[in-house]
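Put together the whole structure using the sequences plus the hints.
Position one of the sequence shown corresponds to residue 0 (numbering that gives the first Met the number 0), numbered consecutively onward.
None of these hints come from the bench; they were simulated from the model. Every value quoted in this text rests on a predicted model; they were computed, and no experiment measured them. Even for Gly, the Cβ is constructed at its ideal location relative to N, Cα and C. Check before you lean on any hint, since a few could be wrong.
To be verified - Between beta-carbon pairs, the in silico distance windows are:
id	residue 1	residue 2	range
1	Gly199	Met648	44 to 50 Å
2	Leu276	Asp98	39 to 45 Å
3	Ser209	Pro242	30 to 36 Å
4	Pro134	Asp98	20 to 26 Å
5	Glu278	Thr627	52 to 58 Å
6	Leu286	Asp430	44 to 50 Å
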Amino acid sequence: MPRISPGGGGVSRVGPVAGGTSHNWKEVHQRVRELRRTFLHLSVKTPTDVSFRRVGPSTLRCYFLLSPGQGRESTLFYADINLEAQAWGSRIVYQEVLDSSQSFLWRSMSREEQLLSERRRISTWGITNYELHPPSGTLVFPASSTIFQCVHPERPSGPVSPRELPSCQVRLSPQICPANPNLIAFAARYDIYLYNTKTGEEKRVTHVHSGSGRLEYDPKSAGMPSYVMQEEFSRYQGFWWQPASSDGVYRLLYEEVDESEVPIVQFIPPEDSAGMLDEFRFPRAGLANAESTLRLLEVEIGAAEELCVTTRHLRHDLKQLAPWHEYLVRIGWVPDGKQIWCQLLDRRQQKLELILLSLSSFTGVNSSSSASTISSATTISTTTMTTTTSTTTPARNTQSPLMAPHLMISQHSNTWIDVHNLLYWWTSHSDPSQRMIVWASEETGHRHLYLLLYQLSSEDLPPPEDQGLVTAQLIQKIPLTRGEWSVTGTGLWVDEARGLVYFTGLRESPLEHHLYVTSISHPGLVQRLTQSGFSHQVALDQDCAVFTTVYSSVEMPSQSQVFRITPLDTPNGSGQLVWVTALGDLVNEPVSEGLREIKSLVIPEVFTTRIASGDVIYSMVFKPHGFTPGRKYPTILCIYGGPQGFRHMRTHMLAANGFCVVSIDSRGSDNRGVSFQAHLMHRMPLSSSRYTRGRLFHALLLFPAHVCPNQTLLLLAVCLALRLLAGIKHQTRGELEGGGKRSRRRAQLGEV
Numbered sequence: 000m001p002r003i004s005p006g007g008g009g010v011s012r013v014g015p016v017a018g019g020t021s022h023n024w025k026e027v028h029q030r031v032r033e034l035r036r037t038f039l040h041l042s043v044k045t046p047t048d049v050s051f052r053r054v055g056p057s058t059l060r061c062y063f064l065l066s067p068g069q070g071r072e073s074t075l076f077y078a079d080i081n082l083e084a085q086a087w088g089s090r091i092v093y094q095e096v097l098d099s100s101q102s103f104l105w106r107s108m109s110r111e112e113q114l115l116s117e118r119r120r121i122s123t124w125g126i127t128n129y130e131l132h133p134p135s136g137t138l139v140f141p142a143s144s145t146i147f148q149c150v151h152p153e154r155p156s157g158p159v160s161p162r163e164l165p166s167c168q169v170r171l172s173p174q175i176c177p178a179n180p181n182l183i184a185f186a187a188r189y190d191i192y193l194y195n196t197k198t199g200e201e202k203r204v205t206h207v208h209s210g211s212g213r214l215e216y217d218p219k220s221a222g223m224p225s226y227v228m229q230e231e232f233s234r235y236q237g238f239w240w241q242p243a244s245s246d247g248v249y250r251l252l253y254e255e256v257d258e259s260e261v262p263i264v265q266f267i268p269p270e271d272s273a274g275m276l277d278e279f280r281f282p283r284a285g286l287a288n289a290e291s292t293l294r295l296l297e298v299e300i301g302a303a304e305e306l307c308v309t310t311r312h313l314r315h316d317l318k319q320l321a322p323w324h325e326y327l328v329r330i331g332w333v334p335d336g337k338q339i340w341c342q343l344l345d346r347r348q349q350k351l352e353l354i355l356l357s358l359s360s361f362t363g364v365n366s367s368s369s370a371s372t373i374s375s376a377t378t379i380s381t382t383t384m385t386t387t388t389s390t391t392t393p394a395r396n397t398q399s400p401l402m403a404p405h406l407m408i409s410q411h412s413n414t415w416i417d418v419h420n421l422l423y424w425w426t427s428h429s430d431p432s433q434r435m436i437v438w439a440s441e442e443t444g445h446r447h448l449y450l451l452l453y454q455l456s457s458e459d460l461p462p463p464e465d466q467g468l469v470t471a472q473l474i475q476k477i478p479l480t481r482g483e484w485s486v487t488g489t490g491l492w493v494d495e496a497r498g499l500v501y502f503t504g505l506r507e508s509p510l511e512h513h514l515y516v517t518s519i520s521h522p523g524l525v526q527r528l529t530q531s532g533f534s535h536q537v538a539l540d541q542d543c544a545v546f547t548t549v550y551s552s553v554e555m556p557s558q559s560q561v562f563r564i565t566p567l568d569t570p571n572g573s574g575q576l577v578w579v580t581a582l583g584d585l586v587n588e589p590v591s592e593g594l595r596e597i598k599s600l601v602i603p604e605v606f607t608t609r610i611a612s613g614d615v616i617y618s619m620v621f622k623p624h625g626f627t628p629g630r631k632y633p634t635i636l637c638i639y640g641g642p643q644g645f646r647h648m649r650t651h652m653l654a655a656n657g658f659c660v661v662s663i664d665s666r667g668s669d670n671r672g673v674s675f676q677a678h679l680m681h682r683m684p685l686s687s688s689r690y691t692r693g694r695l696f697h698a699l700l701l702f703p704a705h706v707c708p709n710q711t712l713l714l715l716a717v718c719l720a721l722r723l724l725a726g727i728k729h730q731t732r733g734e735l736e737g738g739g740k741r742s743r744r745r746a747q748l749g750e751v
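Here it is in structure tokens:
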């Protein structure tokens with residue numbers, strides 16, 4: 000049996016384990032510090048947040064974020080892709096978009112930015128996201144608590160210097176108006192502001208937050224989703240520009256959140272040692288959640304270039320249309336800008352509905368022409384706000400006919416519904432009274448894609464004030480994919496002209512994400528476009544002519560490539576719908592020098608086994624550094640119950656200190672189908688204890704000569720010690736927010 004005995008000098012000493020060497024805590028601490036220092040200097044040049052812009056008949060410009068050096072400060076890059084190039088015919092050169100000498104881009108982040116980055120699982124700093132307006136080349140990005148804007152020319156002579164949009168407040172989530180790139184909307188101080196880059200005018204357009212400084216007296220906000228939406232449903236946006244406008248009115252849909260009934264909790268800031276506490280609205284299991292509603296802003300530019308704004312609300316609030324719903328999980332515009340859609344979910348997450356709203360669903364509230372305006376010199380305007388109130392004036396709907404709110408989809412589950420981002424509204428359908436969409440459902444036990452055609456009701460409607468939900472008539476339903484595998488919850492692109500649907504899925508293996516294509520003319524025919532043996536993160540351009548992939552495996556760090564897609568008129572004899580041609584590496588120096596120098600980094604081994612239920616279970620084993628066959632090692636079972644953002648730094652630390660680490664995706668894991676994932680429902684404690692014993696037994700079966708099964712308590716103590724020595728602070732908001740899906744699981748397991 001292992002023993003923990005006092006060592007000399009007051010330092011506890013861990014006794015030798017099964018032929019191992021003794022280590023005191025001071026030695027372990029020093030080793031952990033050295034490893035952390037080494038890992039912090041590692042970097043893999045991985046492009047993220049990829050977007051595209053046409054800059055010529057045969058040139059497609061690809062924008063992406065990348066850390067240029069050995070650190071984690073990311074900035075914006077671009078690469079021009081020759082669409083007429085032969086396979087690997089020319090080298091793709093990537094360059095910086097912005098002038099790197101602009102040191103003000105790298106100022107420290109505000110507390111609001113830090114919290115948003117934590118919820119989005121972003122570990123880099125610098126520029127972490129950006130907005131691109133492809134027709135004009137306008138780029139907008141938040142950094143250092145403010146917003147920067149620049150126009151990237153089609154033929155740049157060098158890096159451009161971004162323009163800082165001056166303000167005296169922290170700005171978040173900037174969005175460019177698609178119909179007018181001079182208009183930028185952003186969230187600040189729990190309200191929404193507009194900025195006109197042409198005139199330098201900044202205008203507060205919502206007034207739901209009083210700015211009292213006391214959380215208990217200021218529960219409302221606009222343009223920022225509630226904590227649950229960000230942490231549990233991965234929705235970080237709270238306002239959406241209308242994608243197209245032909246009447247000179249720029250519309251902005253936004254969410255208004257009321258957290259009056261949500262409890263206030265206090266957290267210790269991780270960087271604050273003065274005893275100050277942060278206060279947040281934090282919903283607890285069984286207590287009230289935030290309530291959300293939708294509002295519509297109509298923005299016009301006056302004769303003197305001033306911003307004139309009208310605010311409208313729904314004739315029938317969402318709670319009237321769907322009294323049962325608890326969460327407003329997804330919102331957006333139909334691409335033609337004529338209608339708005341939203342997804343509503345109940346508290347037990349067992350019922351979801353997709354609702355379609357028209358502009359006529361909104362009625363007037365008030366209008367203003369110069370309220371809360373800040374000039375480019377950040378001086379506050381003293382112009383009095385002009386307000387008119389109306390309860391009958393309908394929203395200007397020159398683009399949208401009078402239409403009642405429609406219920407498009409209603410889904411029910413005996414377990415829970417996983418909310419996804421797989422929804423595409425067809426824009427080229429000839430009949431304006433019909434809507435065709437691509438939608439994903441788990442009705443067969445696995446998430447698959449369906450083509451749905453609906454007939455909307457437009458005749459003999461009641462007066463607008465009496466309109467409730469009308470059920471759309473489902474005319475046609477075509478399964479596009481099928482089988483004992485799942486489509487992933489993000490990544491959907493449609494080539495309407497050719498009827499091709501591109502998506503990501505796990506047909507080959509639950510361990511490999513791939514890009515696939517299917518056809519609405521040949522449903523069920525699915526072609527894989529990415530190389531097997533790797534897991535891929537892909538991005539397609541709007542025309543579905545090019546895609547980029549960042550791919551990796553447990554044996555190879557991330558690489559990135561660019562591919563051209565050539566559709567075929569008809570599927571060939573091999574069932575191919577398109578040809579794929581590799582054009583070159585997007586980033587041709589993907590691995591840092593520091594990573595090449597680490598020879599002892601352990602490559603994990605992947606194993607499979609079939610359990611009594613018939614399910615195949617995947618496991619991964621990290622062997623200790625300097626592993627010797629035939630020698631027994633203390634073994635740690637690594638259990639991760641958080642969101643899908645797990646990193647292996649601590650696992651490598653344990654392996655470097657002589658431990659064998661086992662990680663298993665057992666029943667309850669995602670992307671394996673409804674039955675596999677829902678196994679934990681209502682029986683998590685029983686299932687957890689049973690699986691803990693089963694996993695340890697499985698490790699013994701895999702490595703009977705190397706695992707010491709009697710050291711469980713000691714290893715748990717060592718794990719905790721390593722966390723403490725690595726500088727992990729407990730009871731901070733970052734630690735609690737890092738739990739991710741755990742609080743959601745409590746709701747799913749019937750503990751609300």
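Violated constraints from the hint list, given by number and in increasing order = No hint contradicted; all consistent.
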